[in-house]
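Asks: I would like the entire structure built from these sequences, with the hints used as guidance.
What follows is the residue order along each chain.
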Amino acid sequence: MVDSAGKGFRREKGVEILLALAASVSVLVTIGIVVSLFSETAGFFKEVSVKEFFTGTKWTPLFSPAHYGIAPLVAGTMLVTVIAMIVAAPLGLASAIYLSEYAPDGVRRLIKPVLEILAGIPTIVYGYFALTFVTPIIRAVFPQTNVFNALSAGIVMGIMLIPMISSLSEDAMTAVPNSLREAAYALGATKLEVSYKVVIPAAVSGIVASFILAFSRAIGETMIVTLAAGSTPKLTFNPLDSIQTMTAFIVQVMLGDAPFGSIEYKSVYAVASVLFVVTLSLNLIGTWIVRRYKEVY
Amino acid sequence: MIRQDEMFSPGLQNRQRRNRIFKWIFLSANLLGLVVLAALLVKVMRDSWGWLDLQFISSFPSRFPEKAGILPALYGTVYLMIITAVFAIPLGIGAAVFLEEYAKKSKFLSIIQVNIYNLAGIPSIVYGILGLTVFVRWMMLGRSLLAGGLTMGLLILPVIIVTAQEAIRAVPQSWRHASYALGASKWQTIRYVVLPSALPGILTGIILALSRAIGETAPLIPIGALTFIRVIPGSLFDSFTVLPIQIYNWTSRPQDDFRAIAAAGIVVLLVVLLGMNSIAILLRNKYQGRIKEV
Amino acid sequence: MTLESIISVRNLHVSYRDRKVLKGINLDIYKNRITAIMGPSGCGKSTLLRCMNRMIDLSEGARVGGKVLYRGENIYSPKIDPAQIRFRIGMVFQKPNPFPKSIFENVAFGPRINGYKGDLSALVEQSLQRAGLWDEVKDRLHENAYMLSGGQQQRLCIARALALEPEVLLLDEPCSALDPISTMHVEELIRQLKERLTIVIVTHNIQQAARVADYTAFLLQGELVEFGETSRMFTVPKDKRTEDFITGRFG
Numbered sequence: 001m002v003d004s005a006g007k008g009f010r011r012e013k014g015v016e017i018l019l020a021l022a023a024s025v026s027v028l029v030t031i032g033i034v035v036s037l038f039s040e041t042a043g044f045f046k047e048v049s050v051k052e053f054f055t056g057t058k059w060t061p062l063f064s065p066a067h068y069g070i071a072p073l074v075a076g077t078m079l080v081t082v083i084a085m086i087v088a089a090p091l092g093l094a095s096a097i098y099l100s101e102y103a104p105d106g107v108r109r110l111i112k113p114v115l116e117i118l119a120g121i122p123t124i125v126y127g128y129f130a131l132t133f134v135t136p137i138i139r140a141v142f143p144q145t146n147v148f149n150a151l152s153a154g155i156v157m158g159i160m161l162i163p164m165i166s167s168l169s170e171d172a173m174t175a176v177p178n179s180l181r182e183a184a185y186a187l188g189a190t191k192l193e194v195s196y197k198v199v200i201p202a203a204v205s206g207i208v209a210s211f212i213l214a215f216s217r218a219i220g221e222t223m224i225v226t227l228a229a230g231s232t233p234k235l236t237f238n239p240l241d242s243i244q245t246m247t248a249f250i251v252q253v254m255l256g257d258a259p260f261g262s263i264e265y266k267s268v269y270a271v272a273s274v275l276f277v278v279t280l281s282l283n284l285i286g287t288w289i290v291r292r293y294k295e296v297y
Numbered sequence: 001m002i003r004q005d006e007m008f009s010p011g012l013q014n015r016q017r018r019n020r021i022f023k024w025i026f027l028s029a030n031l032l033g034l035v036v037l038a039a040l041l042v043k044v045m046r047d048s049w050g051w052l053d054l055q056f057i058s059s060f061p062s063r064f065p066e067k068a069g070i071l072p073a074l075y076g077t078v079y080l081m082i083i084t085a086v087f088a089i090p091l092g093i094g095a096a097v098f099l100e101e102y103a104k105k106s107k108f109l110s111i112i113q114v115n116i117y118n119l120a121g122i123p124s125i126v127y128g129i130l131g132l133t134v135f136v137r138w139m140m141l142g143r144s145l146l147a148g149g150l151t152m153g154l155l156i157l158p159v160i161i162v163t164a165q166e167a168i169r170a171v172p173q174s175w176r177h178a179s180y181a182l183g184a185s186k187w188q189t190i191r192y193v194v195l196p197s198a199l200p201g202i203l204t205g206i207i208l209a210l211s212r213a214i215g216e217t218a219p220l221i222p223i224g225a226l227t228f229i230r231v232i233p234g235s236l237f238d239s240f241t242v243l244p245i246q247i248y249n250w251t252s253r254p255q256d257d258f259r260a261i262a263a264a265g266i267v268v269l270l271v272v273l274l275g276m277n278s279i280a281i282l283l284r285n286k287y288q289g290r291i292k293e294v
Numbered sequence: 001m002t003l004e005s006i007i008s009v010r011n012l013h014v015s016y017r018d019r020k021v022l023k024g025i026n027l028d029i030y031k032n033r034i035t036a037i038m039g040p041s042g043c044g045k046s047t048l049l050r051c052m053n054r055m056i057d058l059s060e061g062a063r064v065g066g067k068v069l070y071r072g073e074n075i076y077s078p079k080i081d082p083a084q085i086r087f088r089i090g091m092v093f094q095k096p097n098p099f100p101k102s103i104f105e106n107v108a109f110g111p112r113i114n115g116y117k118g119d120l121s122a123l124v125e126q127s128l129q130r131a132g133l134w135d136e137v138k139d140r141l142h143e144n145a146y147m148l149s150g151g152q153q154q155r156l157c158i159a160r161a162l163a164l165e166p167e168v169l170l171l172d173e174p175c176s177a178l179d180p181i182s183t184m185h186v187e188e189l190i191r192q193l194k195e196r197l198t199i200v201i202v203t204h205n206i207q208q209a210a211r212v213a214d215y216t217a218f219l220l221q222g223e224l225v226e227f228g229e230t231s232r233m234f235t236v237p238k239d240k241r242t243e244d245f246i247t248g249r250f251g
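Protein chains in written order, with full-length UniProt numbering: chain E, 1 to 297; chain Y, 1 to 294; chain R, 1 to 251.
It is worth saying that the hints were derived from the structure and are not from the lab.
Given the structure is predicted, the values throughout are model-derived calculations rather than measurements.
Fair warning: there could be bad hints in the mix.
Straight-line C-alpha distance at most 30 Å; calculated DSSO-like pairs for lysine-lysine [stated by the list, open to error]:
(1) E:K197 x R:K101
(2) E:K13 x Y:K186
(3) Y:K23 x E:K197
(4) E:K13 x Y:K23
(5) R:K101 x Y:K23
(6) R:K79 x R:K31
(7) Y:K23 x R:K79
(8) E:K112 x Y:K23
Replies: What follows is the structure, given as structure tokens:
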């Protein structure tokens, strides 16, 4: 008896240790990302000054004379993501308001799967759609548009983000207690007034969080911009122009044959580090806000 | 005393009209999603019309679009998913069980939890660079199926952990107590009570995670999956390509015929995804029904 | 003295899917009087109250038959906008439900959306005064309403309803979430408000009905068992079930 109990205990302990190891893999991944990114980035900054990287306005690592100012890549990324957010924020929010406040059950059951399908479409497919469908339309309206342009990639990326904003904002709105809606209706408010004077203000932190998380996702999005936005790093605010994002630059170098250890190769790690730090910060802020509003109700 | 009708002008008719107008605006934001989905599907179908046939499924890539096919990409995708699943599923469920059933509430636990949420938000291209650095170079796995599968496994790990956690959390506490009351140990309780009843939820999460992995392109680019593959990979250490990479390769060429076979590849990819998602939705509906009965 | 009926409930039926909640209620609410609707939980008293300002419309699956006349007009007639009824008939709920806004903004909410033409701050002050809250909050009008105690929050909700100058105020178990002292404050307030408006209060608390109401309606399993002057009903109930309820044999 005692013996078998001891064996059972050892097995219980063994299982717990195995499971703890599985859980610690997630920490190892983070450490792995940080170590692998920063090891090569450190090498990059031995050859390029930090000052040039962050303040330079030319990014030409693949030609000579090589310049390593990241500003054009950041500007390209911002241009596309801002366009995407201009599309996604109002539409995603409007979609969430409809689903949370207006939609009858039947309509909701029709709309939700459509949004889930949209959310599940691979970005490569969105990239194809941007390049072969949206770009020709834009070029028909503005003939001076480049084949590769920020506008097409931005619009399609925005559409891709609608389900994400819609579903996160809807979660925030449904978390608003019904008693607040009742209070407003009892004062003679219309549904629209209940929505924008009571529900949205009460859910505002969750809505903002959904915007932040979508913004972060847009910054890290790769295939749409690689296919549709171009590969010319440029400091421009013209949405009809070809640009290059940070992610598209990484793809460009990775597809070429920059040898391990070369400065071009290392520049990828420097750019990826910036990408990592920016998206991680945005995600931390976003999830922090979400957790905070969950505590309120 | 203030007389209501003298001091207030509610203007309800105007307010209700505004309400109706905005209702339509809010609804049309959702209809736009439907329109885009329809446009996308129609566009892809039309572009691929006449190109999607048995020859396309069973041929190797070629310089001539009419001879090109996706056979190695299909094999690559299936093999890659198997490696990804074998690697990520036990790890993900194990981590979820530990976090939900064993770990004590502590600062450390909440750090792990926040870490998992954030891993889910890291751009997939960064995972590609992680895979390139750690698997391809440091572990010297080369630009192989194994390196790709491990990279993809890390990418979907957070999704599997989070959905498995939710499924485990949904198992009523009273069931665990009932099991303990019968003299079961902790692991027995988990194995025979918690995991079986959480299984549908866990499976749904796994399918959704894998369907995300099937469509991912970016993390495999640094691994070097983009190659003109002429053989079907035979071992873990062979080079490989997958459907999205093949689609990317063809889309990025300017010729219309290559765009057409890219569209044909997209149709195949979407059909696979639709199939997986339908299974997930069916599972979820069954699962939701069961929880309500409890 | 003649009693003027301001709300008349006529043959009111309410059902949720196939469950009948109210079965043919007839009831008159008299002007400038306090009417209590009492009964055990689940008897349909809150549903009856919610029919009087069409808040029932918000409950999913509820079907209403019969009439509720407000100043002689059926509020369920198709040409009536429920918002218009709710603007005239105020309501206070079981649990205090202030908006997560400042005290001032809470009271100003109704007047703002309904186009108040006068001086808003004066109206807010007046409403808070009538709700007996002014002295406690006058120095912190711009603090969040959640900083107030439960009893204060409930009086704020009453002030919020009073700001629209309603003719009728519906109170749905307004003290059920409050401690005895706060309950006393709110009951005192209700008695004062009677002078300027009509009050209907739902309660499952027999003593509360006895303390505040001029008239009492006793509801049991969706039927109106008895209605009459409170003093009479509590001394000589006509129905055996009323007697059983007020003597505490059930409920």
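Asks: Run every hint past the structure and note whether it holds.
Replies: Hint check results:
| no. | hint | verdict |
| --- | --- | --- |
| 1 | E:K197 x R:K101 | holds, 10 Å |
| 2 | E:K13 x Y:K186 | holds, 10 Å |
| 3 | Y:K23 x E:K197 | holds, 15 Å |
| 4 | E:K13 x Y:K23 | violated, 58 Å |
| 5 | R:K101 x Y:K23 | holds, 25 Å |
| 6 | R:K79 x R:K31 | holds, 25 Å |
| 7 | Y:K23 x R:K79 | holds, 21 Å |
| 8 | E:K112 x Y:K23 | holds, 17 Å |
Of the numbered hints stated above, the single one contradicted by the structure is hint 4.
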